[in-house]
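Kindly generate the complete structure, drawing on both the sequences and the hints.
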Amino acid sequence: MGRDAETTSSSGAERAVYEDASADRRVRIAECLERAQAGEIGALNEVVTELNPLLWHAARAEGLTVDDAVDVVQTAWLELLRRLDEIRSPQALTAWLVTTVRRGAWRSTRRRRREQAEATEVLAAVPDPSPPVDDRLDLEEQHRVLWRHVLSLSERCRALLRVVAMVDRPDYGEVSVALEMPHGSIGPTRARCLAKLRAALLADPAWSPG
Amino acid sequence: MTDSQDLNDVDAAILKQLRATYARVDPPPADLDMRVQFAIELENIDIEVARLSEDLIVGSGARGTERMRTITFDSESVTIMISIIERDGQVRIDGWLAPGGGRRVELRMAGTSATTRGASRTVTTEETGRFVFDGVDHGLAQLVVHPRADTGVDSATAVVTPPLML
Numbered sequence: 001m002g003r004d005a006e007t008t009s010s011s012g013a014e015r016a017v018y019e020d021a022s023a024d025r026r027v028r029i030a031e032c033l034e035r036a037q038a039g040e041i042g043a044l045n046e047v048v049t050e051l052n053p054l055l056w057h058a059a060r061a062e063g064l065t066v067d068d069a070v071d072v073v074q075t076a077w078l079e080l081l082r083r084l085d086e087i088r089s090p091q092a093l094t095a096w097l098v099t100t101v102r103r104g105a106w107r108s109t110r111r112r113r114r115e116q117a118e119a120t121e122v123l124a125a126v127p128d129p130s131p132p133v134d135d136r137l138d139l140e141e142q143h144r145v146l147w148r149h150v151l152s153l154s155e156r157c158r159a160l161l162r163v164v165a166m167v168d169r170p171d172y173g174e175v176s177v178a179l180e181m182p183h184g185s186i187g188p189t190r191a192r193c194l195a196k197l198r199a200a201l202l203a204d205p206a207w208s209p210g
Numbered sequence: 001m002t003d004s005q006d007l008n009d010v011d012a013a014i015l016k017q018l019r020a021t022y023a024r025v026d027p028p029p030a031d032l033d034m035r036v037q038f039a040i041e042l043e044n045i046d047i048e049v050a051r052l053s054e055d056l057i058v059g060s061g062a063r064g065t066e067r068m069r070t071i072t073f074d075s076e077s078v079t080i081m082i083s084i085i086e087r088d089g090q091v092r093i094d095g096w097l098a099p100g101g102g103r104r105v106e107l108r109m110a111g112t113s114a115t116t117r118g119a120s121r122t123v124t125t126e127e128t129g130r131f132v133f134d135g136v137d138h139g140l141a142q143l144v145v146h147p148r149a150d151t152g153v154d155s156a157t158a159v160v161t162p163p164l165m166l
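Those protein sequences? They're chains A and B, same order as listed. When you number the first sequence by the numbering used here, it's gap-free, plus one each residue, and the end is 210. When you number the second sequence by the numbering used here, it's gap-free, plus one each residue, and the end is 166.
Treat each hint with caution, since some may be false.
For the chain B half of the interface with chain A, some residues (derived, Cβ under 8 Å), not all of them [unchecked claim]:
no. : residue
1   : 18
2   : 19
3   : 25
4   : 29
5   : 32
6   : 36
7   : 45
8   : 46
9   : 52
10  : 53
11  : 56
12  : 162
13  : 163
Here are the computed lysine to any residue pairs in the SDA-like style, where the Cα-Cα straight-line distance is at most 20 Å [to be verified]:
no. : chain 1 : residue 1 : chain 2 : residue 2
14  : B       : 16        : A       : 208
15  : B       : 16        : A       : 190
16  : A       : 196       : B       : 9
17  : A       : 196       : A       : 145
18  : A       : 196       : A       : 206
19  : B       : 16        : A       : 53
20  : B       : 16        : A       : 203
21  : B       : 16        : A       : 205
22  : B       : 16        : A       : 157
None of these hints come from the bench; they were simulated from the model. These numbers come from a predicted model, not from an experiment. For glycine and all other residues, C-beta sits at the position ideal for the given N, C-alpha and C.
Written as structure tokens, this is what we have:
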């Protein structure tokens with residue numbers, strides 16, 4: 001399916017990533033946020049459904065197990081409740097949650113290390129292994145080509161692009177800033193990672209942009 | 001259309017494919033939304049979060065030895081430690097709250113479907129901070145330590161744990 005290149009006018013990293021009726025979505029999330037701030041916490045349920053895939057991948061990209069990623073995502077939402085009044089926009093909400101999930105993930109990783117160091121008497125402190133990074137032969141053809149090239153990226157590139165791919169267009173700028181932390185000084189890593197993946201895919205006759 | 005726009009279109013296509021592939025390779029657990037929605041469905045949102053700080057399983061459960069899970073949650077004002085033992089198809093929770101005599105501790109249980117509300121039980125901690133929930137059904141649960149009635153400065157807000165699967 002071709003994409004209409006004439007519809008977008010902004011440039012660079014902030015440019016269109018998806019065509020997801022995103023303006024609509026932005027308005028809807030802003031409304032839910034306002035209702036939640038006015039005391040109707042149930043209004044957040046829709047926002048949870050919208051943002052959980054991004055938060056899940058942000059946690060897993062840090063190498064957490066399934067159980068730990070679930071815990072970190074749950075905890076981030078709980079921590080939001082007390083800060084709800086300070087959140088000014090859907091973009092700020094997304095960036096705040098991503099940042100909180102990443103901090104939670106680092107804390108969770110330290111906890112696991114500590115537990116394993118203490119685990120002389122303990123049998124089951126060892127969690128399931130990290131996300132699958134080997135060849136996934138069960139994947140459909142259209143996923144398999146891309147996946148092979150993703151696996152050839154550095155771990156850091158893989159982690160970054162994984163999260164960037166989940167971010168919806170209106171949130172892209174603010175979340176990208178959050179993702180570069182605490183490596184902000186080294187510049188737009190994500191652009192370099194994406195360029196690397198792009199070059200590999202364009203050189204592969206088995207790949208098509210769809 | 002310029003070359004750089006061309007590349008941007010390719011990037012957009014790549015990111016879109018990447019999103020679909022990750023959704024296929026490592027999707028969020030089916031119950032993740034429900035768990036979060038249960039967690040934040042609280043009467044009062046002026047809460048302190050008690051984060052998971054240790055989660056250990058002791059004993060193998062083999063040859064009649066009891067398999068026990070001990071979990072510690074830490075918040076700014078309290079530490080909550082619980083041990084969970086499987087017993088006759090249900091669980092028993094032995095808990096300690098520090099500091100914490102005479103605090104009301106609620107065990108919120110999620111309903112078995114989206115429409116049924118789960119049961120909730122509340123106990124008061126002993127002088128030592130000890131509390132017990134016995135005969136608890138398996139399922140998703142959350143602990144809420146309620147503020148003291150006299151709202152001392154350090155305990156005016158409820159302390160809430162993330163949900164855990166019993």
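Discussion item. Given residue 29 (chain B) as an interface hint, is its Cβ closer than 8 Å to any Cβ of chain A?
Written reply: holds, 6 Å
Next item on the list: Starting from residue 16 (chain B), check that the Cα of residue 205 (chain A) is at most 20 Å away, please.
Entry: The given pair, whose Cα atoms are some 19 Å apart, holds under the 20 Å limit.
Take the C-alpha atoms of residue 196 (chain A) and residue 145 (chain A), compute the straight-line distance between them, and say whether it is at most 20 Å. Judged against 20 Å, a Cα distance of about 15 Å means the pair holds.
Measure nothing beyond the straight line between the CA atoms of residue 16 (chain B) and residue 208 (chain A); if it is 20 Å or shorter, mark the hint as holding.
holds, 12 Å
| query | Taking 20 Å as the top limit, are the C-alpha atoms of residue 16 (chain B) and residue 190 (chain A) close enough? | reply | Roughly 15 Å separates the two Cα atoms, so the pair holds.
Worksheet item: Going straight from one Cα to the other, do residue 196 (chain A) and residue 206 (chain A) come out at no more than 20 Å?
Response: The hint holds at about 17 Å.
- Task: Classify the hint on residue 53 (chain B) as holds or violated, based on whether any CB of chain A lies nearer than 8 Å to its CB.
- Result: With a closest approach of 6 Å, the residue 53 (chain B) hint holds.
Under the criterion that the straight-line Cα-Cα distance not exceed 20 Å, is the pair residue 16 (chain B), residue 203 (chain A) satisfied? holds, 19 Å
Interface hint status, residue 25 (chain B) versus chain A (Cβ within 8 Å): Constraint on residue 25 (chain B) satisfied, holds at 6 Å.
>> Check the hint pairing residue 196 (chain A) with residue 9 (chain B) against an upper bound of 20 Å on the C-alpha distance.
In response: Measuring from Cα to Cα gives roughly 15 Å; hence the hint holds.
Task: Given hint residue 32 (chain B) near chain A, where the shortest CB pair must fall under 8 Å - done: holds, 5 Å
| said: Let's test the interface hint: is any C-beta of chain A closer than 8 Å to that of residue 36 (chain B)? | reply: For residue 36 (chain B), the interface hint holds, since the closest Cβ of chain A sits about 5 Å away, which is under 8 Å.
When each numbered hint is compared with the structure, no violation occurs for any of them.
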